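*Asks:* Sequence:
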Amino acid sequence: MNWLSKLTPPGVSRMFDKRDTPENLWMKCPVSGEMVFHKDLEAALHVTPAGHHVRIGPDVRLRYTFDATWEEIALPEVAKDPLKFRDDKPYASRLAAARKKTGREDAMAIAVGRIQGIETTVLVQDFSFMGGSLGMAAGESFLKAAETAVERRTPLVVFTAAGGARMQEGCLSLMQMPRTTIGVEMLREAKLPYVVVLTDPTTGGVTASYAMLGDVHLAEPGALIGFAGQRVIEQTIREKLPEGFQRAEYLLEKGMVDRVVHRRDLPRVLGNVLRTLMKRPPASANVPAPAA
Numbered sequence: 001m002n003w004l005s006k007l008t009p010p011g012v013s014r015m016f017d018k019r020d021t022p023e024n025l026w027m028k029c030p031v032s033g034e035m036v037f038h039k040d041l042e043a044a045l046h047v048t049p050a051g052h053h054v055r056i057g058p059d060v061r062l063r064y065t066f067d068a069t070w071e072e073i074a075l076p077e078v079a080k081d082p083l084k085f086r087d088d089k090p091y092a093s094r095l096a097a098a099r100k101k102t103g104r105e106d107a108m109a110i111a112v113g114r115i116q117g118i119e120t121t122v123l124v125q126d127f128s129f130m131g132g133s134l135g136m137a138a139g140e141s142f143l144k145a146a147e148t149a150v151e152r153r154t155p156l157v158v159f160t161a162a163g164g165a166r167m168q169e170g171c172l173s174l175m176q177m178p179r180t181t182i183g184v185e186m187l188r189e190a191k192l193p194y195v196v197v198l199t200d201p202t203t204g205g206v207t208a209s210y211a212m213l214g215d216v217h218l219a220e221p222g223a224l225i226g227f228a229g230q231r232v233i234e235q236t237i238r239e240k241l242p243e244g245f246q247r248a249e250y251l252l253e254k255g256m257v258d259r260v261v262h263r264r265d266l267p268r269v270l271g272n273v274l275r276t277l278m279k280r281p282p283a284s285a286n287v288p289a290p291a292a
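Residue numbers for the sequence shown follow UniProt numbering, beginning at 1 and rising by one.
Note that these hints are calculated values from the structure, not bench results. Do not rely on the hints blindly, as some may be mistaken.
As the list claims (entries may be wrong) - Distance ranges between label pairs, derived from CB positions: (1) His38 / His262: 15 to 23 Å; (2) Gln230 / Arg99: 28 to 36 Å; (3) Ile237 / Ala43: 41 to 49 Å.
Remember, predicted model here, so these are calculated numbers, not experimental data. Idealized CB from N, CA, C, for every residue including glycine.
Modelling step: build the complete structure from the supplied sequences, incorporating the hints.
*Replies:* Here it is in structure tokens:
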């Protein structure tokens with residue numbers, strides 16, 4: 001406290017106190033540098049005027065995807081911190097911090113609802129939960145989503161977003177790659193569609209497993225999709241990679257993605273794809289639009 005603060009009456013000080021304001025009222029678009037007001041961003045489905053698709057969590061994703069209401073499915077329980085892992089802080093502390101930040105048990109969310117009138121099981125990967133990393137809980141959640149789809153005879157749509165496998169679970173996290181493949185095979189044996197929507201970013205072991213095993217692969221514009229990072233690849237092959245390498249549009253050109261779809265169009269495109277794969281008649285004109 002300086003001498004001026006001591007001389008200023010408390011009532012006057014309170015008049016000029018800095019007011020508490022949220023830090024996320026404005027967002028700077030990484031593409032154009034434009035500042036976007038949060039209400040305008042929400043109204044535009046979290047897409048900036050320059051077309052940058054902002055990363056969104058499960059709650060927002062489900063609201064944008066389903067026609068109206070949906071039923072959220074409880075995630076299966078798994079062993080907590082099976083390896084008692086510790087780096088600069090215990091793994092248990094990292095999990096607790098991620099759960100407090102996101103309000104979720106792990107990086108996955110499962111829900112069942114209607115997309116353009118088609119009852120669908122949806123699995124959403126949350127990048128804000130430890131980078132959407134694939135661990136035991138995420139692997140079990142994928143299997144749970146596949147089992148739910150088979151039990152209810154619905155297609156499965158997965159929105160991927162991950163930085164790879166969760167290193168704090170060691171080989172147990174790597175085991176989830178073949179285990180999720182089993183879930184995909186369950187859907188194929190049941191003759192149910194499996195559609196993947198690749199969002200920013202989808203990398204590492206997720207790309208090497210269930211993210212690239214869909215019947216149809218859609219992607220949001222500009223999404224980073226790949227296995228190893230661009231810098232690692234350049235250092236390995238000692239060559240400069242082309243512009244836009246590992247972005248959705250580049251992968252569409254190379255045939256790894258079937259279609260790049262703007263977020264506002266995803267429900268309609270998903271509905272058309274699911275109707276085609278499920279051999280359902282065209283949607284009626286009175287299908288409600290997803291909630292904004």
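*Asks:* Hints broken by the structure, by number, lowest first?
*Replies:* none
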